[in-house]
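Hey, can you work out the whole structure from these sequences and the hints?
Chains A and B, in that order, are what the protein sequence lines are.
Residues in the first sequence are numbered consecutively from 39, following our numbering.
Residues in the second sequence are numbered consecutively from 479, following our numbering.
Calculated from the structure, these hints are not laboratory results.
Don't be surprised by glycine CBs; every beta carbon is placed ideally from N, CA and C.
Each hint can be trusted.
Here are some chain A residues pointing at chain B (derived, C-beta under 7 angstroms):
1. 355
2. 356
3. 358
4. 359
5. 361
6. 362
7. 363
8. 364
9. 365
10. 366
11. 374
12. 377
13. 378
Cross-link-like lysine-lysine pairs, in silico, DSS-like; alpha carbons within 25 angstroms at most:
14. A:143 <-> A:172
15. A:373 <-> B:591
16. A:168 <-> A:153
17. A:168 <-> A:143
18. A:373 <-> B:602
19. A:172 <-> A:153
If you anchor each label on the Cβ, the simulated ranges turn out as follows:
20. B:652 <-> A:265: 37 to 43 angstroms
21. A:393 <-> B:609: 49 to 55 angstroms
22. B:612 <-> A:277: 45 to 51 angstroms
23. A:351 <-> B:611: 30 to 36 angstroms
24. A:354 <-> B:742: 52 to 58 angstroms
25. B:516 <-> A:280: 51 to 57 angstroms
26. A:58 <-> B:668: 57 to 63 angstroms
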Amino acid sequence: MSTAVDTSAAVPLPAEGDGTPLKKRLRRAERRRNLLFGALILPLALVVLVAFIWPIGSLLTIGVDNPEIHDNLPRTLAALEDWNGSAPPAEAAFRALADELAAAKGSPAIAAIAKRLNRENAGYRSLVMKTARKLPLDAAVPAREALVAIDAQWGELATWQAIHRAGGALTPFYLLAAIDRVIDADGNIVAAPEDERIYVDVLLRTFWMSLIVTVCCLTLGFSVAYLMASLSTRHSNMLMIFVLLPFWTSVLVRVAAWIVLLQNEGLVNRLLMWLGLTDSPLQLLFNRFGVYVAMVHILLPFMVLPLYSVMKGISPVYMRAALSLGCPPFRSFWKIYFPQTLPGIGAGGLLVFIMCMGYYITPALLGGPKEQMLSYFIAFYTNQTINWGMAAALSAVLLAATLLLYMVYARYLGPTRVKYMKAR
Amino acid sequence: MEAVHNNQAAHVSFRNVQKTYDGETLIVRDLNLDIRRGEFLTLLGPSGSGKTTCLMMLAGFETPTGGEIRLDGEVINRVPPYRRNIGMVFQNYALFPHMTVADNLRFPLRVRKLAANEVEARVKTALGMVQLEAFGNRYPQQLSGGQQQRIALARALVFDPQLVLMDEPLGALDKNLRERMQLEIKHIQQNLGITVVFVTHDQSEALTMSDRIAVFNHGVIQQIDAPETLYELPANSFVADFIGENNALDGTVVAVAGEECDVRLDCGTVLRARTGNVGAGGRTRIAVRPERVQLAGADGACANPLDATVRELIYLGDQIRLRIELAGKHEFTIKAPISQLDRSLRPGDAIRVGLDPAHTRALDVPAAH
Chain A
39 MSTAVDTSAA VPLPAEGDGT PLKKRLRRAE RRRNLLFGAL ILPLALVVLV AFIWPIGSLL
99 TIGVDNPEIH DNLPRTLAAL EDWNGSAPPA EAAFRALADE LAAAKGSPAI AAIAKRLNRE
159 NAGYRSLVMK TARKLPLDAA VPAREALVAI DAQWGELATW QAIHRAGGAL TPFYLLAAID
219 RVIDADGNIV AAPEDERIYV DVLLRTFWMS LIVTVCCLTL GFSVAYLMAS LSTRHSNMLM
279 IFVLLPFWTS VLVRVAAWIV LLQNEGLVNR LLMWLGLTDS PLQLLFNRFG VYVAMVHILL
339 PFMVLPLYSV MKGISPVYMR AALSLGCPPF RSFWKIYFPQ TLPGIGAGGL LVFIMCMGYY
399 ITPALLGGPK EQMLSYFIAF YTNQTINWGM AAALSAVLLA ATLLLYMVYA RYLGPTRVKY
459 MKAR
Chain B
479 MEAVHNNQAA HVSFRNVQKT YDGETLIVRD LNLDIRRGEF LTLLGPSGSG KTTCLMMLAG
539 FETPTGGEIR LDGEVINRVP PYRRNIGMVF QNYALFPHMT VADNLRFPLR VRKLAANEVE
599 ARVKTALGMV QLEAFGNRYP QQLSGGQQQR IALARALVFD PQLVLMDEPL GALDKNLRER
659 MQLEIKHIQQ NLGITVVFVT HDQSEALTMS DRIAVFNHGV IQQIDAPETL YELPANSFVA
719 DFIGENNALD GTVVAVAGEE CDVRLDCGTV LRARTGNVGA GGRTRIAVRP ERVQLAGADG
779 ACANPLDATV RELIYLGDQI RLRIELAGKH EFTIKAPISQ LDRSLRPGDA IRVGLDPAHT
839 RALDVPAAH
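In C-alpha cells form, the structure reads like this:
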C-alpha cells in the first residue's frame with residue numbers, strides 16, 4: 039500500500055557506548071522497573087494469597103479429606119493391607135482393632151469412627167459404640183472370638199470391607215454426593231437412591247434462577263445504561279446516583295423493605311386490591327416472584343455499570359454513519375450499536391450471573407423451600423449439621439460451575455475474543 | 479416557488495435557512511446558497527462559524543429552525559437522513575469497528591436490498607477505486623489512518639449517491655498524506671461527476687480542492703467564489719485575513735472613482751487602491767498580499783511608493799520573507815523570490831516599496847471584539 043505506513047523500519051542500531059550489548063542494557067533497565075512493579079503489587083498479592091487462595095484451597099481439600107479411619111485406626115489398616123477381602127482377616131487385624139477402639143473409647147475419636155463407618159452401612163454406628171463399651175478385651179482370649187462374641191457382625195466380611203474402604207486418606211464421597219452419586223458396595227459410581235437425589239436439582243435450579251435474574255437485569259439495565267450514555271453529563275450523573283443509591287444500602291435492609299412491600303397487607307397488594315385488579319391479596323412473598331424481584335433490584339447496578347462504561351465509549355457518530363448509509367434507525371441500532379455493546383453485555387451478564395450463583399440471603403429470606411439455591415445448602419452444612427466435608431464439596435461444585443461459566447465467557451464473549459477487539 | 483424556477487440547475491439550495499440550538503443565538507443566520515450539480519463546494523470558516531451545522535442540516539442530522547433546504551428541487555427539511563441518499567464521510571471515518579472493511583462497504587448495499595452478485599461487484603469496484611483491493615477482510619483498526627480514510631470514502635460512494643458530504647475528513651492525517659488525499663478525492667469527484675460539499679477550516683485544503691469556496695463567519699457566508707477570486711479579490715477584511723497571508727493598513731477613504739479610490743493612511747500618505755466594500759469618507763483597511771508588495775528598483779520608481787525600514791530577513795529556501803516597518807506599522811511582511819531580491823539587504827536598511835493599486839484593496843475595518 040502506498041500510504042505512509044512505515045518508513046522507519048530499518049533504523050540501524052546505534053553504536054554501543056560502553057561495549058555492553060544493547061539487549062543486555064535494556065534488560066537491566068527493565069529489571070529495575072519490574073522489581074518496582076513487583077514491590078507495588080506485593081501487599082495485594084499477599085492478601086489474596088492469605089485471605090483468598092489459601093482458605094479456598096484448604097476448604098476444597100476438606101471436601102475430599104477422610105481422616106476418621108485413616109488417623110484413628112492406623113494399625114488396623116496396616117494389618118488389613120495384605121488382606122485379600124475374600125476370607126476373614128487375620129487375628130492381628132482383630133487385635134489391632136480391639137486395641138485401637140479401646141484407646142479411642144471415651145474420646146471424640148470413637149464418635150468420629152462410628153459416624154464415618156455408619157456412612158458405609160447404616161447400623162455400624164451402634165456396632166462401634168456397643169463394641170467400645172465392652173472394651174478393652176481380656177488379653178488371654180483371642181481377639182477374634184471376643185469381638186464376634188460382642189457382635190456377630192465382626193465375623194462378616196462386609197464389616198471389614200467397609201473399614202478397608204473407609205480407610206483411605208482421601209475420599210470422593212462428598213464430591214459424588216454433591217452431584218447425587220454414591221459408590222456402591224462393589225466400588226462402582228452409581229446414581230444415589232431416588233429419595234436422596236437433591237443437589238443436581240438444586241444446582242439446576244441455581245442456574246435457572248441466575249439465568250432469569252440475569253436476563254431481567256439485562257432487559258431493564260440495557261435501556262437505563264443506554265439512556266445514561268446518551269444524556270448530557272449532568273443528567274447522566276443524576277441518573278447514576280439513582281442507580282447507585284440502592285447500591286449503597288445494605289442488602290438486608292433492601293430485602294426487609296421488599297418484605298414490607300410485598301407481604302399480604304403490603305403496599306403492592308393493597309394497591310392491586312384498591313385498583314380492583316384482584317379481590318384477595320396475591321402471594322408475592324416466599325415464592326419465586328419475591329426472590330426474583332429482590333434479586334433483580336439488588337443486582338441491577340452490576341449490570342448497568344459495565345454496560346454504561348461500554349456504551350459511553352461508543353461514539354454516536356456510528357449511528358449517524360449508519361443512517362447516512364440509508365439504514366433506518368431501529369435497524370441501525372440493531373446492526374451497528376448493539377453489536378458494539380456485546381463486551382458490556384458479556385461483562386455485566388457474567389458479573390450478575392456469578393453473583394446470583396452464590397446468592398444466599400435473598401432466597402433465604404424471601405423464598406420458600408423451593409427457592410433455596412446451592413449456597414443455602416452450603417450454609418446449612420456449615421452452620422447447622424457441621425458437615426464440613428459436604429459443605430466443602432458443594433462449594434467445589436459451585437466453584438467449578440462458576441469457573442466453567444467464566445471459561446465459556448472468555449471463549450466466546452471475553453474482551454480478548456470479540457473479533458474486532460482482538461484486531462487492535 | 480420563485481427561487482426554484484430561478485435555480486433549475488441547482489442540485490441543493492438553501493433558502494433563508496436559520497438554525498439555533500438555544501433559542502438565543504443563531505448558529506446559522508440567514509443562509510442562501512445554491513450548490514451546482516457536479517461541483518466541489520467547500521464550506522470554509524473558523525470553528526463555530528456554522529459551516530458544520532450547515533452540513534449536518536443537509537445530511538439530515540439537524541433540523542433547520544427556519545427556511546428550507548431543497549435537494550433536486552424537493553424540500554427535504556422533513557426527510558429523515560436515511561431516505562436522503564446522500565453519501566457522507568465523517569471526521570473520524572466512523573467505520574464500523576465490528577465489521578470487516580468489505581462488510582462496511584456491503585452495509586449500504588444490503589440495506590438497499592441489492593442482489594448478492596451486484597453487491598460483491600460494487601464492493602470490488604469501490605475497493606479498486608481507492609486501491610485497497612487486498613484489504614477487504616481486515617478490520618478497520620488494522621488499517622492505517624490513510625487507509626481508513628480511503629475506506630470511509632469508498633463506503634460513502636459505493637451506493638452511487640449523487641451528493642457526497644465530507645466533514646473535515648482529512649483532519650486526522652499528517653501533512654504529506656493529507657496533500658495526497660486532497661488530490662485523490664478531487665480526482666475521484668471529477669471522474670464520477672458527483673457533487674461534493676466539503677467542510678474544512680484549513681484554507682490551503684479549500685484552495686487545493688474546490689471549484690467554489692463559501693467562507694463562513696458568525697453564521698453568515700462572507701463570500702462565495704472560486705479560489706482565485708476569493709484570494710485575489712476578497713470581499714471584506716475577514717476573508718482577506720482568513721484566506722492566505724494579508725497585510726493591513728488603516729486609513730480613511732477620501733475619494734471614490736469607480737473601481738478605484740484614494741485612501742489617506744493614518745500616517746498621512748495617500749494611496750490609490752481598488753474599491754472594496756467601503757464608501758467615500760469611511761474608515762478603511764487596506765489589504766495587500768505579501769507577494770504583491772513591490773520592492774522599488776534603483777530609480778525608486780513604482781506605484782504607491784512608501785518608505786520602509788527592514789526589520790528582519792527570513793530565508794525560506796525558495797523565497798525570502800522580509801519583515802518591514804512601514805507607515806508606522808511594525809508588522810508588515812513581504813514575500814519575494816530569491817532571484818528578485820537584493821541579497822545585500824540587512825536589518826535597519828531603508829527601502830522603498832510600492833503597493834500596486836490593482837492588488838491593493840480598500841476593505842472594511844472589522845469591528846473590534
